[in-house]
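Engineer: Residue strings, one per chain:
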Amino acid sequence: MDHRLAFHDVVPRHHKYHRISDLGSFEYTYKAEITSVYKLTELENLYRIRIIDAEDRRHFSFRPGQFIMLELPGIGEAPFSISSSPSNHEDMELCIRTAGNLTGVLSRAARGARVGIRGPFGTSFPMERMHGGNILLIAGGLGLAPLRSPIAHVQEHRSMFEHVDIVYGTRDQSRMLFKFQYEMWKKDDINLHVILEKTDNGWDGPVGYIPKILEDIIKSRPDTFIEQTYAIVCGPPVMFKSVCTMLAERGVPMQKMFVSLERRMHCGMGKCCRCNVGSTYTCLKGPVFDYWTVMNLKEAI
Amino acid sequence: MLFRVIDKPELRSLFDMLAEKNTVVGPVETGKDRNGRPLYAFEEVKDFKILRLDYTTTKLPAKRYFLPFREELATFRMKDDDWTKTIDYNIDKPLVFFGLHACDINALNKLDKVLMGPVYPMPYYAAKRMNMFIIGTGCEPQPFCFCRSMGADTVHHGFDLNITDIGDKYFIEIQSAEAFEMVKDLRTADLSEDDHVQYMKTIAEKNRKFTARVDTTDLTKILDMEFQSPVWKQWGDKCLGCGTCANVCPTCYCYGVEESVDPSLQKAVKTKTLYSCNVVDFAEVAGGHNFRPERSSRLKYRYYHKHRGFVEAYEESLCVGCGRCGEACLAGITVPEVIASVRGEEQ
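Top line first, the protein sequences correspond to chains A and B. Under my numbering, think of the first position of the first sequence as 1, with each following residue one higher. Under my numbering, think of the first position of the second sequence as 1, with each following residue one higher.
None of these hints come from the bench; they were simulated from the model. Each hint can be trusted.
Derived DSS-like pairs (lysine-lysine); straight-line CA-CA distance at most 30 Å:
#1 A:39 x B:79
#2 A:31 x B:267
#3 B:233 x A:298
#4 A:285 x B:233
#5 A:298 x B:238
One side only, chain A facing chain B, incomplete, derived with CB under 8 Å:
#6 27
#7 276
#8 299
Computed Cβ-Cβ distance ranges for the label pairs, DEER-style:
#9 B:22 x A:53: 37 to 45 Å
#10 A:110 x B:68: 35 to 43 Å
#11 B:262 x A:162: 52 to 60 Å
#12 B:215 x A:4: 46 to 54 Å
#13 A:255 x B:226: 22 to 30 Å
#14 B:116 x A:90: 33 to 41 Å
#15 A:198 x B:79: 43 to 51 Å
#16 B:293 x A:158: 40 to 48 Å
#17 A:236 x B:226: 23 to 31 Å
Here a beta-carbon is modelled for each residue, glycine too, at the ideal position from N, C-alpha and C.
Input sequences plus hints: build the corresponding full structure.
Structural biologist: Printed below as a string of structure tokens:
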């Protein structure tokens, strides 16, 4: 009798859509092209990216706070949060700081360059749960990039929210991101508060750190403000720690504050372990966590 | 599960049957250590005579056959301003594993949970895993084996056939239909009353031989409580951050992905390399910030992943207690000692 074991080619080698349980979607890349590159500051560019296949493009949807893996063939792959409106199915925008190898090459990419996209991955800000309440959108530095997606949701659903404040702290005027949007945010009845770490020429706004602005906002609002408030906080760990601690002291429950963590990722799918915090996968259980969870992650702050 | 006994010479027939048309991987002796004791490794075996089913342990697990140290995930072909991506799962035939110990089969079962679960199953692993025919064998507990503490000293599933030496016969457990088809062509017998007795005697004897142990009672909670414990610093000071422990671990699956361009600029390759969380840049992000710059925080992280995070996710530890890491560690760090010290026990 022939005892040759059968070969099980059970894995479909070509698979079109990204479904979480499909073996074939693991390494599936949407081909996309860079449709514009806009220089935001010396360090950051805003890349507009469009999935080439029209059907893929229609199927691709994401929620505010989710990220994608951007691949430059031969250079590498890295995670970036999407910083545009989830309701725009034509293009997505990524605000990327030129910091390493991949982003260095990307910063020299021209319009029309073809890149790969996998995703979207990770958790998102529960915007619907916040409907009816106040929102504090708090960003430190590059933290404004992931915040721009929930901000877009707020703009598109402005009547669903009461007070909306964006509090944005950055180093100096040269580092200010998305300046072209400030008037549009104001037009949508969003209060914008910018605070700089350093005074510089021609700046007549506040100087210092974010908690100072938050104090002023809370003081100026009715007593019931805090109990109906949600906070979305993005920025470096020292920043979100001080902000969340201050808000918690003022009475914002930890489960109503959301932060987005940044880690190195090599897969985005809970396999490579590079993004683990404590023993939690940032890519699966995050990047958006409520503050109670972050407090219990041990290594996060 | 079906149970049978076979006469000892029949094992050779089983091997020949499998080896005739398939690739067989099994334990072989590859040299001697400085004390003259044999060293074993998993390698392709063509001749039954070189198979060493009496092996103690191997320095490296069989991981390279299903989680190779380096593997191509995809290749790219560039033309003009465009590219195409080709994916290959790097397997084209089934592999027979002849003689895995319970710890190594349990390691596969644990890897299955994370690499073949419903959340982003990994085809590179799955394709290989689904093409494995596994024959387990009994073992002789070594001084460094603490598998019994980890519940990995016996194996209930994840193999096709399991063979235990019960003196003058082999006791075999048939798990899969493929194995049943194989065994049909062997001379087998039903178990006699005496075979039952012999099997239980063999198991009891093996259990008495375990010396190393780890107390896992409430371990997840204790690790949580002892996050700031000074013992982590002490172990961190000893650790060399070389990553050997991950290399020899049958369940370590962490990796890094790199891409490189061919000098012709027309081809590129995306490569996955197994990595170790003890290596300095494991948690470093672009721009240079390192979330775990100290060796102690990296060593601690490894224990948290194995003994806390995995338990929270799957109700079991990611350690099978094979003891390979402790044996291979250049600084002599062993799991039983680290965990005992975290628990505040005398060493």
